[in-house]
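As they're listed, the protein sequences go chains A and B. FYI, the numbering for the first sequence is 8 to 588, going by my numbering. FYI, the numbering for the second sequence is 8 to 588, going by my numbering.
In short, the hints are calculated from the structure, not lab data. Keep in mind it's a predicted model, so treat the numbers as computed, not measured. Heads up, some of the hints might be wrong.
[What the hints assert, rightly or not] In silico EDC-like pairs for lysine to aspartate or glutamate, Cα to Cα no more than 20 angstroms straight-line:
| hint | chain 1 | residue 1 | chain 2 | residue 2 |
| --- | --- | --- | --- | --- |
| 1 | A | Lys509 | A | Glu529 |
| 2 | A | Lys551 | B | Glu455 |
| 3 | A | Lys405 | B | Asp231 |
| 4 | A | Lys311 | B | Glu497 |
| 5 | A | Lys405 | B | Asp565 |
| 6 | A | Lys405 | B | Asp556 |
| 7 | B | Lys311 | B | Glu355 |
| 8 | B | Lys311 | A | Glu455 |
| 9 | B | Lys551 | A | Glu447 |
| 10 | B | Lys311 | A | Glu532 |
| 11 | A | Lys551 | B | Glu536 |
| 12 | A | Lys405 | B | Glu566 |
| 13 | A | Lys551 | A | Glu536 |
| 14 | B | Lys311 | A | Glu536 |
| 15 | A | Lys311 | B | Asp502 |
| 16 | A | Lys405 | B | Glu529 |
| 17 | B | Lys551 | A | Glu455 |
| 18 | B | Lys509 | B | Glu455 |
| 19 | A | Lys405 | B | Asp478 |
| 20 | A | Lys551 | B | Glu447 |
| 21 | B | Lys509 | B | Asp478 |
| 22 | B | Lys217 | B | Asp231 |
| 23 | A | Lys311 | B | Glu532 |
| 24 | B | Lys214 | B | Asp231 |
| 25 | A | Lys511 | A | Glu536 |
| 26 | B | Lys311 | A | Asp502 |
| 27 | A | Lys311 | B | Glu536 |
| 28 | B | Lys551 | A | Glu532 |
| 29 | A | Lys311 | B | Asp498 |
| 30 | B | Lys311 | A | Asp498 |
[Unchecked claim] Ranges between beta-carbon positions, derived for each pair:
| hint | chain 1 | residue 1 | chain 2 | residue 2 | range |
| --- | --- | --- | --- | --- | --- |
| 31 | A | Val45 | B | Ile286 | 56 to 64 angstroms |
| 32 | B | Arg138 | A | Glu463 | 37 to 45 angstroms |
| 33 | B | Leu564 | A | Arg310 | 21 to 29 angstroms |
We put the CB at the ideal spot given by N, CA and C, even for glycine.
The primary structure of each chain is shown beneath.
Protein chains: 2
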Amino acid sequence: MTTQTGSPLRGLARYVPVLDWGRRYDKDALTSDLVAAVIVTIMLIPQSLAYALLAGLPPEVGIYASIAPIILYAIFGTSRALAVGPVAVVSLMTAAAVGRIAETGSPEYIAAALTLAFLSGVFLMALGVLRLGFLANFLSHPVIAGFITASGIIIAASQLKHILGVKASGHNLYELVMSLAEHVGSTNLITLAIGASSAAFLFWVRKGLKPLLVKLGLKPRLADIVAKAGPVFAVAVTTLLAWGLDLGSKGVALVGDVPQGLPPLTMPSFSLDMWTSLIGSAVLISIIGFVESVSVAQTLAARKRQRITPDQELIGLGAANIGAAFTGGYPVTGGFARSVVNFDAGAETPAAGAYTAVGLAIGSLTLTPLIAYLPVSTLAATIIVAVLSLVDLSILNKTWGYSRADFIAVLVTILATLALGVEIGVTAGVVISILIHLYESSRPHVAEVGQVPGTEHYRNVLRHKVITHDDILTMRVDESLYFANARFLEDYIYDAVAKRPKLKHVILMCPAVNAIDMSALESLEAINERLKSSGVTFHLSEVKGPVMDRLLKSHFLDELTGQVFLSQHQATSQLSMGTAG
Amino acid sequence: MTTQTGSPLRGLARYVPVLDWGRRYDKDALTSDLVAAVIVTIMLIPQSLAYALLAGLPPEVGIYASIAPIILYAIFGTSRALAVGPVAVVSLMTAAAVGRIAETGSPEYIAAALTLAFLSGVFLMALGVLRLGFLANFLSHPVIAGFITASGIIIAASQLKHILGVKASGHNLYELVMSLAEHVGSTNLITLAIGASSAAFLFWVRKGLKPLLVKLGLKPRLADIVAKAGPVFAVAVTTLLAWGLDLGSKGVALVGDVPQGLPPLTMPSFSLDMWTSLIGSAVLISIIGFVESVSVAQTLAARKRQRITPDQELIGLGAANIGAAFTGGYPVTGGFARSVVNFDAGAETPAAGAYTAVGLAIGSLTLTPLIAYLPVSTLAATIIVAVLSLVDLSILNKTWGYSRADFIAVLVTILATLALGVEIGVTAGVVISILIHLYESSRPHVAEVGQVPGTEHYRNVLRHKVITHDDILTMRVDESLYFANARFLEDYIYDAVAKRPKLKHVILMCPAVNAIDMSALESLEAINERLKSSGVTFHLSEVKGPVMDRLLKSHFLDELTGQVFLSQHQATSQLSMGTAG
Numbered sequence: 008m009t010t011q012t013g014s015p016l017r018g019l020a021r022y023v024p025v026l027d028w029g030r031r032y033d034k035d036a037l038t039s040d041l042v043a044a045v046i047v048t049i050m051l052i053p054q055s056l057a058y059a060l061l062a063g064l065p066p067e068v069g070i071y072a073s074i075a076p077i078i079l080y081a082i083f084g085t086s087r088a089l090a091v092g093p094v095a096v097v098s099l100m101t102a103a104a105v106g107r108i109a110e111t112g113s114p115e116y117i118a119a120a121l122t123l124a125f126l127s128g129v130f131l132m133a134l135g136v137l138r139l140g141f142l143a144n145f146l147s148h149p150v151i152a153g154f155i156t157a158s159g160i161i162i163a164a165s166q167l168k169h170i171l172g173v174k175a176s177g178h179n180l181y182e183l184v185m186s187l188a189e190h191v192g193s194t195n196l197i198t199l200a201i202g203a204s205s206a207a208f209l210f211w212v213r214k215g216l217k218p219l220l221v222k223l224g225l226k227p228r229l230a231d232i233v234a235k236a237g238p239v240f241a242v243a244v245t246t247l248l249a250w251g252l253d254l255g256s257k258g259v260a261l262v263g264d265v266p267q268g269l270p271p272l273t274m275p276s277f278s279l280d281m282w283t284s285l286i287g288s289a290v291l292i293s294i295i296g297f298v299e300s301v302s303v304a305q306t307l308a309a310r311k312r313q314r315i316t317p318d319q320e321l322i323g324l325g326a327a328n329i330g331a332a333f334t335g336g337y338p339v340t341g342g343f344a345r346s347v348v349n350f351d352a353g354a355e356t357p358a359a360g361a362y363t364a365v366g367l368a369i370g371s372l373t374l375t376p377l378i379a380y381l382p383v384s385t386l387a388a389t390i391i392v393a394v395l396s397l398v399d400l401s402i403l404n405k406t407w408g409y410s411r412a413d414f415i416a417v418l419v420t421i422l423a424t425l426a427l428g429v430e431i432g433v434t435a436g437v438v439i440s441i442l443i444h445l446y447e448s449s450r451p452h453v454a455e456v457g458q459v460p461g462t463e464h465y466r467n468v469l470r471h472k473v474i475t476h477d478d479i480l481t482m483r484v485d486e487s488l489y490f491a492n493a494r495f496l497e498d499y500i501y502d503a504v505a506k507r508p509k510l511k512h513v514i515l516m517c518p519a520v521n522a523i524d525m526s527a528l529e530s531l532e533a534i535n536e537r538l539k540s541s542g543v544t545f546h547l548s549e550v551k552g553p554v555m556d557r558l559l560k561s562h563f564l565d566e567l568t569g570q571v572f573l574s575q576h577q578a579t580s581q582l583s584m585g586t587a588g
Numbered sequence: 008m009t010t011q012t013g014s015p016l017r018g019l020a021r022y023v024p025v026l027d028w029g030r031r032y033d034k035d036a037l038t039s040d041l042v043a044a045v046i047v048t049i050m051l052i053p054q055s056l057a058y059a060l061l062a063g064l065p066p067e068v069g070i071y072a073s074i075a076p077i078i079l080y081a082i083f084g085t086s087r088a089l090a091v092g093p094v095a096v097v098s099l100m101t102a103a104a105v106g107r108i109a110e111t112g113s114p115e116y117i118a119a120a121l122t123l124a125f126l127s128g129v130f131l132m133a134l135g136v137l138r139l140g141f142l143a144n145f146l147s148h149p150v151i152a153g154f155i156t157a158s159g160i161i162i163a164a165s166q167l168k169h170i171l172g173v174k175a176s177g178h179n180l181y182e183l184v185m186s187l188a189e190h191v192g193s194t195n196l197i198t199l200a201i202g203a204s205s206a207a208f209l210f211w212v213r214k215g216l217k218p219l220l221v222k223l224g225l226k227p228r229l230a231d232i233v234a235k236a237g238p239v240f241a242v243a244v245t246t247l248l249a250w251g252l253d254l255g256s257k258g259v260a261l262v263g264d265v266p267q268g269l270p271p272l273t274m275p276s277f278s279l280d281m282w283t284s285l286i287g288s289a290v291l292i293s294i295i296g297f298v299e300s301v302s303v304a305q306t307l308a309a310r311k312r313q314r315i316t317p318d319q320e321l322i323g324l325g326a327a328n329i330g331a332a333f334t335g336g337y338p339v340t341g342g343f344a345r346s347v348v349n350f351d352a353g354a355e356t357p358a359a360g361a362y363t364a365v366g367l368a369i370g371s372l373t374l375t376p377l378i379a380y381l382p383v384s385t386l387a388a389t390i391i392v393a394v395l396s397l398v399d400l401s402i403l404n405k406t407w408g409y410s411r412a413d414f415i416a417v418l419v420t421i422l423a424t425l426a427l428g429v430e431i432g433v434t435a436g437v438v439i440s441i442l443i444h445l446y447e448s449s450r451p452h453v454a455e456v457g458q459v460p461g462t463e464h465y466r467n468v469l470r471h472k473v474i475t476h477d478d479i480l481t482m483r484v485d486e487s488l489y490f491a492n493a494r495f496l497e498d499y500i501y502d503a504v505a506k507r508p509k510l511k512h513v514i515l516m517c518p519a520v521n522a523i524d525m526s527a528l529e530s531l532e533a534i535n536e537r538l539k540s541s542g543v544t545f546h547l548s549e550v551k552g553p554v555m556d557r558l559l560k561s562h563f564l565d566e567l568t569g570q571v572f573l574s575q576h577q578a579t580s581q582l583s584m585g586t587a588g
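Next comes chain A alone, as it looks inside the complex (with noise of 0.2 angstroms):
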């Protein structure tokens, strides 16, 4: 991907990749990337207003943090299709993280959404300058995957109010359906016509319609991408009919007057107050932001053999989320939705982006007007259907059969999110997987070990059938020692020699010792000590390399009361001759 760029602007090309593709650009990607704008514009529209009410911000908040944001990705970002915007779960988050300091509707809802998008996008580009994209790899797969499936729960349960056409709110599922339980008698019955079936329409689009396409002739690739189209008749059919039939003053709700015009240039505050209170939301937004952009992009660069750069793709987002803070938007990042349309309607660059930027744009100019009569519960519809895709309760199963710290992690990180919200869900997922991970190397697979009779090969005793000497102890310890398990190791030993009086050696053996801490070696040399004064020699064998060397660094080595052997065979052939001689 690196090019014949002149020297000056090779360095620079590294951080601004559009250096590097926008010098090759030519009239086929152009072609391609036009086409994949439209489509992408076309069902964008839709849905970042649908986000915007789910964070809840005013629905033009969503285009605006639709055009510059995903400039700014474009410029600065590694992979080819992704689409950068608003997206279900970092919308919601936003709505958590906002609502906790502001009222709904306020002008300091909205600006504290401005300085979240701010302080995230700052975080992002941070880690992405210090090279620090690893610190994603602490969120696992599992917990991730939990994550997003019951904040799909939420968002689903937190639209139900606007199908319904009643007030309800919260931030957890207990809340939620208690508000929701409390209000339903108020239903509007107009409004709950109106969202039931935009959802049932929806649901059918998913499922039915791209077959009912492919049987009417056109090609797959092209019925999926009509099909996800599907949200954009719901829009104007209810929309029609809200207009038509004058709903609005039947109480059902609409989106109402949407300013018409570019994004407005706005500033985040800059108030230490509010940047302390929203400064671990903005963490955490940019954590799940990143993760979920990252594997978006990652799927889609595989399917060409592109790749994409991880810490340069927290500058990419960073930037857009700068960009949101100062055009009127709100946090984003790269939503899969988007950049599967994006890809599959054929974008070969960034600038795809740029100019389903400049087609929104067109839209926030002229549509706004007709955007007053759509009724809110269609919108609803659209989130419910989208997010109860990412809904995915296999992943306990999956984990249940594999592995139970997994399955508690999984099991930890939905319950947390679903009963007390998502920042406190994702921050215990985060953590207890860390704590189960250390709690097992802390308790480290331990095996007695013997000769396979006949060869070379030392084996569990308990798995196999083993020689093995009164004299002799061989231990494998099966994991690097370090401080969460160097205790146990002393323990461990020193039963184990309590256990057999006539011992005169015992090995180590550490085939699978990857590290040795300053607590392990510690440990080590009390294990060491406490043998000698027991009159048992204290042995290693088969120590890695870097090990090694790390060893020879310390006075481990010359303290120790027995050897280092280099293979495990080598140990027992020398000092069982020894006890027999």
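Model the placement of chain B on the given structure of chain A, informed by the hints.
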């Protein structure tokens, strides 16, 4: 250590070790224990007063905190020689925690200290009953060493005001030094003379008295014990001086009236507010106290080939702290100095502790009127001399030479403790060592390996002269595969494959892979898919038993394009034959 008690008692004896050793208690043990108790009592009186002062509590609280806890530990603890009571670091942590919510000297301050002991006791006991003692292992040895050193420096600095006879305060080094600098002008010279000469005397006692006594014909062990009683001489002499010369009227701070009598019956607070503000500190104090206590207990037990049971130690310390809360004390733990003296003085069983408690109770009943004239600066001098022996910066040197990761953890712990106080310091130490561990295991050592000519051994191509094949790439990863390094592995393999156009087989050699979690399994599936689409077959070799058991539960092996080979040699021979044929 288990005995022939009848079955109902046997179960109970697990939780109440006194039922075990108590049955075999004889006259010899009684004599040894009594002698040890007298010696320890003499040493403990000034020490307990001094540590109460350090904690910001009235001096008698230090004595109270040594009576009930020592008896309760004797009943529930497993160490034969551990002496439980106030210790320096825990006293400092108590001052930091309680000082945040109450004014020093106020009744609320004393109530908060009782509550802290109660919460700490309940937490320790809960950990013990739930067998969660392993949690203490997350404090790495270097972090503990750094923390104790930094605490020693802060404690010494905090006592300088008493030596100078000025008012000063602060919970970190900077605050303390600034506050001292501000008040140094009002130094009381008599106070300074007493404090400085006491300190000088005590330093001399430490270094010079024992050799002198030995030269005078005392046995080294006895000389050692007499030297440890040095503070008693300093206390007696300066108290007499203060009384005889009426130093109180000359501005020298004296301990003043101390209530005469047995420990009072007290109640911790059950206010939820106070619990909320103290629970974090209680957890930190418990863990630090437990780690300190267990390491002392283990050291002493090892000298007599005894074992302690860490989970039961939690119960013993928990009981001791709950006891402190109800008898006018404050948080306690097993102290190093007092335990060593107890051990050296010949204590045979925990009963020695009980006799010490009786000694202290007698002291509390009879000696308190004399203590009124004891200069505070003498106590400050005993604290300074005691804690400076804890200060050991050599850990920085040791870790620098052995492991940069440990060095950073120690440095962060020391600096954070000095600059931000004990609670942030120890928390920072734990967090940074976990983060460093995760960071290191998130970028595992991966080596491309080849065959050592004429052998069946496969080694790193960069370290050894080995045979490789153009169409086979073998990579050995020296770490368990889990969420933090799953993506790293993917990236590594894709990069390696991209550089080798002739490649047909990739073998992942797993002798050091001790576990594969769900995230890593999904990465392996992704690698398999991606290689498949490039026409490259993916194999594993030398997969460990437990890991293979786990993989068999997933669908990965069904989808794997290649095979799982028992040995790397088998893999290479078979695959290179295949391509040759």
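Consistency of the hints with the structure:
no. : hint                                     : result
1   : A/Lys509 to A/Glu529                     : violated (26 angstroms)
2   : A/Lys551 to B/Glu455                     : holds (15 angstroms)
3   : A/Lys405 to B/Asp231                     : violated (64 angstroms)
4   : A/Lys311 to B/Glu497                     : holds (17 angstroms)
5   : A/Lys405 to B/Asp565                     : holds (15 angstroms)
6   : A/Lys405 to B/Asp556                     : holds (16 angstroms)
7   : B/Lys311 to B/Glu355                     : holds (10 angstroms)
8   : B/Lys311 to A/Glu455                     : violated (27 angstroms)
9   : B/Lys551 to A/Glu447                     : holds (17 angstroms)
10  : B/Lys311 to A/Glu532                     : holds (18 angstroms)
11  : A/Lys551 to B/Glu536                     : violated (32 angstroms)
12  : A/Lys405 to B/Glu566                     : holds (16 angstroms)
13  : A/Lys551 to A/Glu536                     : violated (23 angstroms)
14  : B/Lys311 to A/Glu536                     : holds (14 angstroms)
15  : A/Lys311 to B/Asp502                     : holds (15 angstroms)
16  : A/Lys405 to B/Glu529                     : holds (11 angstroms)
17  : B/Lys551 to A/Glu455                     : holds (15 angstroms)
18  : B/Lys509 to B/Glu455                     : holds (16 angstroms)
19  : A/Lys405 to B/Asp478                     : violated (35 angstroms)
20  : A/Lys551 to B/Glu447                     : holds (17 angstroms)
21  : B/Lys509 to B/Asp478                     : holds (5 angstroms)
22  : B/Lys217 to B/Asp231                     : holds (6 angstroms)
23  : A/Lys311 to B/Glu532                     : holds (18 angstroms)
24  : B/Lys214 to B/Asp231                     : holds (11 angstroms)
25  : A/Lys511 to A/Glu536                     : holds (14 angstroms)
26  : B/Lys311 to A/Asp502                     : holds (15 angstroms)
27  : A/Lys311 to B/Glu536                     : holds (14 angstroms)
28  : B/Lys551 to A/Glu532                     : violated (29 angstroms)
29  : A/Lys311 to B/Asp498                     : holds (16 angstroms)
30  : B/Lys311 to A/Asp498                     : holds (16 angstroms)
31  : A/Val45 to B/Ile286: 56 to 64 angstroms  : holds (59 angstroms)
32  : B/Arg138 to A/Glu463: 37 to 45 angstroms : holds (40 angstroms)
33  : B/Leu564 to A/Arg310: 21 to 29 angstroms : holds (25 angstroms)
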